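The lines below spell out each chain.
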Amino acid sequence: MVGLKQDWEIAPQSRTCELKDYQGAAPRWCPGCGDHAVLGAVQRLMRDKQLLPEKTVCVSGIGCSSRFPHYMSTYGFHGLHGRAFPVACGIRARRPDLDIFMVTGDGDCCAIGTAHWIHAIRYNMNITVLLLDNNVYGLTKNQTSPTSRTGEKTNTHPRGSVLPPLNPLCVTLGIANASFVAQTVDWNPPHLYNTIKAAHEHKGLSFVRVLQRCPHFTKHVFQAPLQDLSQVLLMTHEEGISLDAAGMRRFPKQIAHNPHDLDEARHIAAREDVYPIGLFYRDENAARYDLATAQGIGKTQDEKLAAIDQALSRFAV
Amino acid sequence: MFADLCARNGNGIWTVEIIPAEIEPPRRSRAGASGNRIRFGSKPVTNAGDEADIVIALNEQVLYSRIDAGALRPGTIVFVDNIWAKSPDESVRANYAEAVADFQSRGYVVREVPMEEECRKHTDDPRKGKNMWVLGLLCALYDIDDTPVRKGIEKRFAKKGESVVRKNIDLLDDGYRWGIKNLEQRFQVPASRSEQQMVVMNGNQALALGAMAAGIEVCSMYPITPATSASHFLAQNFDQVGGFVHQAEDEIAAIGFAIGCSYGGRTAITITSGPGFALKTEFMGLAVMAEVPLVVVVVQRVGPSTGLPTKIEQGDLLAALYASPGDAPKIILAPATIEECFHFIVMARKLAEDFRGPVVVLSDANLATGQQPFPKPQPREEWLSPPIDQSTWNPEVPPFAWDSETGLSRRPVPGQRGGEYVLTGLAHDAKSKVAYESAINQQSMEMRSRKLAVMHAAMQPPKVHGDPEGDLLVVGWGSTLGAIEEAVDRLRGEGHKVSSVHLRFLSPFEPGLKEIFSRFKKVMTVEVNYSDNPEHPYITPSSRRYSQLAMLLRAHTLIDIDCWSQVPGSPIPPGVIAEALRRRLQ
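One line per chain: the protein sequences are B and X, in this order.
For what it's worth, this note's numbering labels the leading residue of the first sequence as 1, then goes sequentially.
For what it's worth, this note's numbering labels the leading residue of the second sequence as 1, then goes sequentially.
Hints listed in this document are in silico derivations from the structure and should not be mistaken for laboratory results.
It should be emphasised that the depicted structure is a prediction, and the values quoted were computed from it without experimental measurement.
No residue lacks a Cβ here, since even glycine has one placed at the ideal position from N, Cα and C.
Take these hints with a grain of salt, some might be off.
[Claimed, not checked] Distance condition first, Cα-Cα at most 25 Å in a straight line; then the derived DSS-like pairs of lysine-lysine:
1. K20/B <-> K197/B
2. K141/B <-> K433/X
3. K521/X <-> K497/X
4. K433/X <-> K55/B
[As the list claims (entries may be wrong)] Partner residues are not named here, just some residues of chain B that face chain X (Cβ under 10 Å, in silico):
5. G90
6. R92
7. R95
8. H116
9. Q231
10. G296
11. E303
Given only the sequences and the hints, what does the whole structure look like? Please build it.
Here it is, written out as structure tokens:
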């Protein structure tokens, strides 16, 4: 052909996925539930990055937020209450080629699944974890969760919950080998999107706590930061969660925080006077267990047969 | 090592490890007995047998635990270290003298041997050297060629240097020379070398090698006795086939991780024991509900609760079958020999994938640590799980395209375009969509159950050991095979019309059981789990609790099946079974 090199060829047009290609069943969450925003952000992210639905798995436990996989059109695993972490880790162990999102709630992650949460942080396998924290058990109808504030009235504590809440950020930042810890809110779409995007781009386990409204049971809980943005503390840093100038201007309270500063991250995470959002901590060099578990993938059948025969021969008499 | 020598020599062997729960129990304590029980013979040996002919005791106190366990009989030759007679501690000397006199009054033939004294000629720490010296003594006693041991010593201690190798060989030689010079009686057990290449290993090693031969990629486990040594073996060897051992944070995570692997198209196994299985049961239900292939090995130990962690029981059959929320039909296999521990894992992997669900393999502490020779398996490509399928999936085919006749369906795995679906533990339709409709729940339950009926229809009836009809049929499962058949053979030798049948499939059962049972006047199970003694005044036909297989078989066949079972925490010897059968025949 004129003007073209001999070996020039047209690459077969790879398909372009649209938003609808990521959308599954119509969500059955309550109107006004923060889960809708997270679902939309993940679907937009997948479209923007053109992730393939068949190469993506959404894993969840049990609870309102754990219905998430059903509303995607990717592969999904809607498993047991509290047990999303081991399943997600198991999938990741031998499938380095997949994108894995894991969605969990405050009951799922911080109560019944606590052991798995702690160890999954330590395993640091490449998984994007979204903790949708609405401070209450919604699906089972208004019971106290580990993150419910002291005095919160629920069906299990009608005279108000007795204990101070567990802070999932402080816990996560206290676990050896944590590699990505961030917090965002469901009601600020750019920050939510950019946080999930940064989490997805991180190689390792990224832990994102999303403060999330429950219009039914904890409507009042996040009213204050919604109405008064000075109650939110935006962490800013060139290596943190990016936000454009207009987005930045909405937050009167900001703090420059280097996400490599673990001590400062713990200090900010423990603050009770404000809701800090942004990236607390990132360590790109944390050990990744999935690099160990994936070793040996791809041995041929002949190699295996020879190795088995050799192993058996060691017992020969 | 002695068992290994016998096997190399061509003798049949069966070994039982005697393991205390503690790492280092107090010395000279009766409860702290550790040791190895070896039965060997000219022909293949299928069980640990009855009382011992020869016992070697490094101190006399520890022997009492074996006496209490019924391991000795009048006439048993007892070799005991006589160092205790010279102990500076007067109470030790007195205890020793008293015990030796007691052993003689019980009819044992006591041979006091200067084990420690002889060992001191070669080592300052005879505690570490005595085993080698005794091995030499045994080689003299049974006229066995110890060349393989010499080679083994050289290999094993090569890193520790020439002097350590020398010391061990000297101990071995000295034990042998002492035996030739001093033993009044020596024995020969003629061996018949098999033409086939044989291997000797214990059941846990066989399970682990089975997992490798099945092409399983991931073993996800949490440490628990007596299952863990299988995972130890894999941790050491699995990488040779590209496999990986995941030590999870708990038993629940171990099965969850394995299920994740399997969902992702990689074959996985989880290996545990009773208490661990109890924790896994919710995930078992999910694997049944969402039809995730998975091999689950339960190496049974004595329960309930923590029970006797190192000892044998067959107490987890009902738990394996029923412990799950709701009705969760699954396949359960029970290997009866070390060889079957290997082959049943290969079979379990394939059944799990063909029938799309979890397969439980019930081993036990007896198989786990017992060693037995069997023909070396020749690994075959069809045993291995096929490479992961990433081809395009026809989107018209739902993820649970149940065949309405068989309930069978194929599953898409992540990466297959067009097969995207959301696995769920909620009731779901063929498309894996959450379904609240009663008709769909009824249908999907039916489909999951139907698979077992289909498997049942594909199986052969079990073979009867002995005549196909008679007065009494003994039914067993698991590691009791050898002891039951030996007991049955003894009774047949005495003229009784007794036969036995040993079940390898516990869910679904093999076909034809009712027909086989109907040819005998009486049918009873022999098991190592608890059942009420029917002779106790409080135990009536309406209160009697049967052993576990008996319960299932009574329901399965509507035949009045009896049972005899014990929970001694050790393998039941053939003589004890034979005696129980004689009483039932009266």
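Query raised in the report: Which hint numbers does the structure go against, in order from smallest to largest?
Result: 9
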